Amino acid sequence: MRTTEREQDYAPIAAELDALLKPSLQDYQPRTPQPEKRPWQLSYQVFVAFFGGVLSATLVAYLNGRALRLSRNQLLAILAAGLVGFLATIVVTLLLGRASMPEFLSPGDATTLASRAIALLTFLAFYRLQKPADRVYAFFGGEYGSILPVGLMAIFGLGFVQWLLVKMIVAALAG
Amino acid sequence: MATPERPLTLGEHYLDIGQPARALEIMRQMAGAELENPRYWYLRGRALYALDRHAEAAQALRVGLKRAPWDVQLLHLLSCAEQQQGNLAAAERAVLAALQLAPENPALLSQYGLLVAQGGQLAKAQRLVELAARLDPENVYVGRARTAVAYLQGDDRAATRHGREILTQAPEDDVAHYMVGAALSEQGEVSGAKKHFTTAASLNPEQQAFREAVLQSRYYTHWLLWPLRPFNRWGTVRVWMGAMAILLTLEALGQSRAAFIFAIAYIALCVYSWVVPPLLRWWMWRGRRS
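Chains A and B, in that order, are what the protein sequence lines are.
Counting in the working numbering, the first sequence runs from 2 upward without gaps.
Counting in the working numbering, the second sequence runs from 2 upward without gaps.
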């Protein structure tokens, strides 16, 4: 009876061990020490989102995701979230252009506020997707690179592109 | 006449009291038949590992494994040495070889869990450490691995809970104090984190990561950064959203003056957050830059 009970206790552990003790790291490539391939601090991406908008934040999150070695699905999720954020920016801009605003808020201010809010909410999605890999990277002694060069290019370059695209699309849809 | 085992026992004693350099010195004086003893190579590897000379440690352990390919301790330490160098594939081969010999060894399962966690496979890591915990719930090494995996998954509350469980059994576990501190600081509880980091550093002053954590926590609890606590606690995005909500509500209620004062205060806080922290960081770290 006791032997049977021990066997019953052991059987699930043995089955679980069989599944877990299969190698899964044999394709792992050690990280290169080059500074330009290092990820960036996640918290700094919020400034890119705030000042540059959804497209800027998406580019930076995607590049950082690749540096953090996110899976293909996670990288696609970043791009999808960016696309949703961009479409939301267009829709909100269109709706605010037609809505009547309270006296204290001009349509321009409302649009700016809303697009920043959308960019920041999209950043939160990017943050959640990158956070586990970022923690692993930092926990095991990884060093970060500077986001400044890419961040500034994203803010001014893609920020302008987004502004232009939104204006053109909203004008086309409203007209 | 001294037996070959006595220098090894002395070497092991120095390792146990945290003097790996002295242990290594003793082992350098050994020669001949003593070098055929796998225990020699294990202790040599342990000394080199403790001195952060991981490549040399791995080399020594491989020499030992030529003499004793079935030695679980050699394989375990080899896995750790390879992991420290970022050679996760080699580390995995070593730990799986050890697990072939001792499949229910909780320490080995925990080591494998940490290894796959470093490779980004957090779900598998959790299953491994949970299995190790079922096999030996009181094992401190297993507890540390569980705490680490919970932290890496972003479950800071679970990490704090597991870390505190270790500390009830081993109140002087420096690594557990450090991990609880890290989990608390992620939850914005900087004062609690500072206590644990300070304890970890006082228990193990040689560990640079602990000293750096103490400095970081002193920085975040500095009185000059008190106005920025909301940003640490709730994050920049939530604070901005909250501020915009307050501003718009005040305007909607016709309280333009209050809204204006609030807006000025918020902008001042933002400027404060850009200027003061870098200056404070420069001031606090100025003596430590080489």
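It should be emphasised that the hints constitute simulated quantities derived from the structure, not laboratory data.
Just so you know, not all the hints are guaranteed correct.
To be verified - On the chain A side, residues computed to face chain B include the following (Cβ under 10 Å): (1) 31; (2) 44; (3) 76; (4) 104; (5) 118; (6) 122.
Just so you know, these numbers come straight off a predicted model, no measurement behind them.
For every residue, glycine included, the Cβ atom is placed at its ideal position computed from N, Cα and C.
Hints versus structure:
1. 31: holds, 4 Å
2. 44: holds, 7 Å
3. 76: With a closest approach of 13 Å, the residue 76 of chain A hint is violated.
4. 104: Since the shortest Cβ distance to chain B is 9 Å, the answer is holds.
5. 118: holds, 7 Å
6. 122: holds, 8 Å
Hint compliance for this structure: hint 3 is the single one not met.
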